[in-house]
Amino acid sequence: MKLNRRFVLLPAVLAAVLLAAAGCGGSSDGGNAAPTGGGSNGAQAADQVITVGWGAEPPSLDPGLATDTTSSNILVNIMDPLVKLGDDLEPVPSLAESWDTSKDGKTVTFHLRSDGKWTNGDPVTAQDFEYSWKRTISPELAADYAYQFYGIVGAADYNACQKNCEALADKVGVKALDDSTLEVQLTTPQPWFIQQVSHTSFLAVHRATVEEFGDSWTDPKNIVTDGPFKLESWEHDASIDLVKWDDWRDAADVTLTRVNGKIIVDGTTRVQSFEAGEVDALDAGGLPPDEIARLKETPEYESYPALGTYYYGFNLENLPDVHERQALSLAIDRRTIVDNIAQADQVPSTGFAPKGLPGFDAFNPNSPWTPENGDMDAAKDAMSQAQNPKTDLNLFFNDSPGHKEIATAVQANWNELGVTTTLKQQEWAQFLEFLGPPPNKAVDVYRNGWIGDYVDAINFLELWTCDSGNNNSNYCDEDYDALLEQARQTPDNDARYEIYGQLEDKLLGQDGALPLSPIYWYTYPNLEKLSIKDSFTVNLLNQIDLTKVVVREQ
Numbered sequence: 000m001k002l003n004r005r006f007v008l009l010p011a012v013l014a015a016v017l018l019a020a021a022g023c024g025g026s027s028d029g030g031n032a033a034p035t036g037g038g039s040n041g042a043q044a045a046d047q048v049i050t051v052g053w054g055a056e057p058p059s060l061d062p063g064l065a066t067d068t069t070s071s072n073i074l075v076n077i078m079d080p081l082v083k084l085g086d087d088l089e090p091v092p093s094l095a096e097s098w099d100t101s102k103d104g105k106t107v108t109f110h111l112r113s114d115g116k117w118t119n120g121d122p123v124t125a126q127d128f129e130y131s132w133k134r135t136i137s138p139e140l141a142a143d144y145a146y147q148f149y150g151i152v153g154a155a156d157y158n159a160c161q162k163n164c165e166a167l168a169d170k171v172g173v174k175a176l177d178d179s180t181l182e183v184q185l186t187t188p189q190p191w192f193i194q195q196v197s198h199t200s201f202l203a204v205h206r207a208t209v210e211e212f213g214d215s216w217t218d219p220k221n222i223v224t225d226g227p228f229k230l231e232s233w234e235h236d237a238s239i240d241l242v243k244w245d246d247w248r249d250a251a252d253v254t255l256t257r258v259n260g261k262i263i264v265d266g267t268t269r270v271q272s273f274e275a276g277e278v279d280a281l282d283a284g285g286l287p288p289d290e291i292a293r294l295k296e297t298p299e300y301e302s303y304p305a306l307g308t309y310y311y312g313f314n315l316e317n318l319p320d321v322h323e324r325q326a327l328s329l330a331i332d333r334r335t336i337v338d339n340i341a342q343a344d345q346v347p348s349t350g351f352a353p354k355g356l357p358g359f360d361a362f363n364p365n366s367p368w369t370p371e372n373g374d375m376d377a378a379k380d381a382m383s384q385a386q387n388p389k390t391d392l393n394l395f396f397n398d399s400p401g402h403k404e405i406a407t408a409v410q411a412n413w414n415e416l417g418v419t420t421t422l423k424q425q426e427w428a429q430f431l432e433f434l435g436p437p438p439n440k441a442v443d444v445y446r447n448g449w450i451g452d453y454v455d456a457i458n459f460l461e462l463w464t465c466d467s468g469n470n471n472s473n474y475c476d477e478d479y480d481a482l483l484e485q486a487r488q489t490p491d492n493d494a495r496y497e498i499y500g501q502l503e504d505k506l507l508g509q510d511g512a513l514p515l516s517p518i519y520w521y522t523y524p525n526l527e528k529l530s531i532k533d534s535f536t537v538n539l540l541n542q543i544d545l546t547k548v549v550v551r552e553q
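For the sequence shown, position 111 matches number 110 in numbering that gives the first Met the number 0, and the numbering has no gaps at all.
Hints were generated in silico from the structure; no laboratory data involved.
Just so you know, these numbers come straight off a predicted model, no measurement behind them.
Misleading hints may appear alongside valid ones.
So the derived label-pair ranges between C-beta atoms look like this [said to hold, decoys possible]:
hint, residue 1, residue 2, range
1, Glu552, Asp246, 43 to 51 Å
2, Ala141, Asp493, 35 to 43 Å
3, Ala45, Pro437, 51 to 59 Å
4, Asp338, Ser97, 45 to 53 Å
5, Thr66, Ala250, 54 to 62 Å
6, Gly104, Ala275, 33 to 41 Å
7, His322, Ala250, 53 to 61 Å
Think of the CB as a built atom: it goes at the ideal place given N, C-alpha and C, for glycine as much as any other residue.
Can you build the whole structure from these sequences, using the hints too?
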């Protein structure tokens, strides 16, 4: 989602990002300073234990396979990345104490700290990262996020390998020069790469543990990690508990001793659990829409700016006529959805990559197919041009709060077009399985959302390449892929933003293919007890750093 070369965002650009994102709703402090809705200035409490209400069962705690925000938020607290994101989303040293970039911008060398270690006592080495990155892009793992590594020399070829794969693995531009030095060869200068490395797919895993336990290596009895917290227990669909690891390299800076996690999917139950004192904070989402107005008036409510897009995707195999996709998109009343259902100060979207990203004004398509209030006359006209439109649709969505209500509103919009929509609600893991890619043949339309992995629009636009593991639409355009690769090879920001504009036009412009219909740009509404509200924060990328949380007396 992200030029001296060490810090991707120049101060002026960063200020624009935070200001624009704050305009999407929520506190003006960007979630990094003390929230304005109240907090605690009391003394540090003796008991540094909190309970977090997680909104979903993590589908995977394998960094190579995790693709969702719940899994990510657990991983960033039990694992140690080379680079973390600072308060303003700039890359700051973590397990890598420093890094160097060559003059041509195509070689990045990370220098690891000497005190990183795994929970079994083994040192964390550059070899761990070489193994882990190659594992994630290996054809055997079939990771959805393999494309994140395509900016590294040889990564795409290895990921697509069908024979002689070991030889191709050796050609991937990731090499441990010694225990503490990791060299990365990039295909092009990539201004976002250092920040991109903070993403969970770039975490290291403990090789011996993975090879000994296979698919069960993430079970609490087996898992070996290297971060500030350890996975103590995981009762699937019920709870996931973390404890502070006292031997972590910076354990002295971590105040919390334990983080209990309750997995609570139902929105009403989430609110009830919070108000009953059973949880101290939620994970920035999943509030029931009919409760938002009331909750906004409470001091425990907080809303954070976001870099993310809520959208409906179309299965192009089932809906091959672009005129029908245009009609479906035109019919959606986004303003009513935002004001009367979502209610958390979201902004109706006019493109895919959200407001708040650097260069937004240069690449936002102001799509003619996403009118804020819908345009039923135009929708009916577009539908009249469709050849053999499919008028009985299956709309799939997961079981988090708000999705059903939004789907019901869209169902009513589409009914005016003469389209009958059957709503299909699924729990999160099953939903992800149905989306593929490729999507299950039963899927005509699906609800989805994308939260940026780093602050550059390429992270949004690369979703729609032919080989993207997060492209669930069956959309494939070789010209789009070529443009995306051209953008990857364009380090100059203004020139790259111009290419982003061409990519957005291919998706949502006047002659766009419309593999999706964006609905709104996210905010993160949350509930937090006053005892932790001044230290529990959610950044633009929906990340919660538990090492910063301190419980205060009330």
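So, against the hints stated earlier in the document, which numbers end up violated here?
Hints 1, 5 and 6 not satisfied by this model.
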